[in-house]
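**Student:** Chains A and B, in that order, are what the protein sequence lines are. Start counting the first sequence at 1; every next residue gets the next number (this note's numbering). Start counting the second sequence at 1001; every next residue gets the next number (this note's numbering).
These are calculated hints, taken from the structure and not from any lab test. One or more of the hints may lead you astray.
Which residues of chain A face chain B? A partial, calculated answer using Cβ under 8 Å [said to hold, decoys possible]: (1) G32; (2) P44; (3) T49; (4) L101; (5) F103; (6) T105.
The beta carbon of each residue, even a glycine, is placed where N, CA and C say it ideally should be.
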Amino acid sequence: EDQVTQSPEALRLQEGESSSLNCSYTVSGLRGLFWYRQDPGKGPEFLFTLYSAGEEKEKERLKATLTKKESFLHITAPKPEDSATYLCAVQAGYGGATNKLIFGTGTLLAVQP
Amino acid sequence: SAVISQKPSRDICQRGTSLTIQCQVDSQVTMMFWYRQQPGQSLTLIATANQGSEATYESGFVIDKFPISRPNLTFSTLTVSNMSPEDSSIYLCSVVGLAGVGTDTQYFGPGTRLTVL
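Turn these sequences into a full structure, and let the hints steer you where they fit.
**Tutor:** Written out as structure tokens, the structure is:
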């Protein structure tokens, strides 16, 4: 069964304290791995898509990496405005057209000034 | 970038009633989806809204409980029927195929927070 597990469930950082969030997955043929940010009371906001092991994407203080079993979201020198829930999702399936996303339960990040 | 809106943004309903949630996109998209996000749980796909035909439901979700319409390429509705407190959740629509972006990436609306008493 396709599955996505995120850790830790919650993370508290001091402003400027770099860290990483983990997303491990088991899927029958990975078509893509997606990272989203979700603020309270809002829908998920797209951050990155990774398609193959070794791929990396960066945006401001965030960098996403992908291996054959997991993805990391590295946060460098975070600021309080980076506080949010970070969601990981995978798109799986061999052949055909499928856009179904399987989500993890997210990591709640709090960055204190 | 495209704007995805949902109505209502939140509602409080009595058990046994039904609520219809609307999702509107300001440009045409190829695919539209409906998700549920229960407290403390991950987003779960309810169904794919197909334009001009019946929606495709995921395991555990049925048309009688969650009827879906998609009359055109920019609009869809999800109805939560005969509600019970267990239906209290955030309901989200997402779209794929916005002009100028990849065909795999899903973009989400702001969500509808439903509370059933």
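**Student:** Give a verdict on every hint.
**Tutor:** The hints, checked one at a time:
no., hint, result
1, G32, "holds, 5 Å"
2, P44, "holds, 5 Å"
3, T49, "holds, 6 Å"
4, L101, "holds, 6 Å"
5, F103, "holds, 4 Å"
6, T105, "holds, 5 Å"
The earlier numbered hints are all upheld by this structure, with none contradicted.
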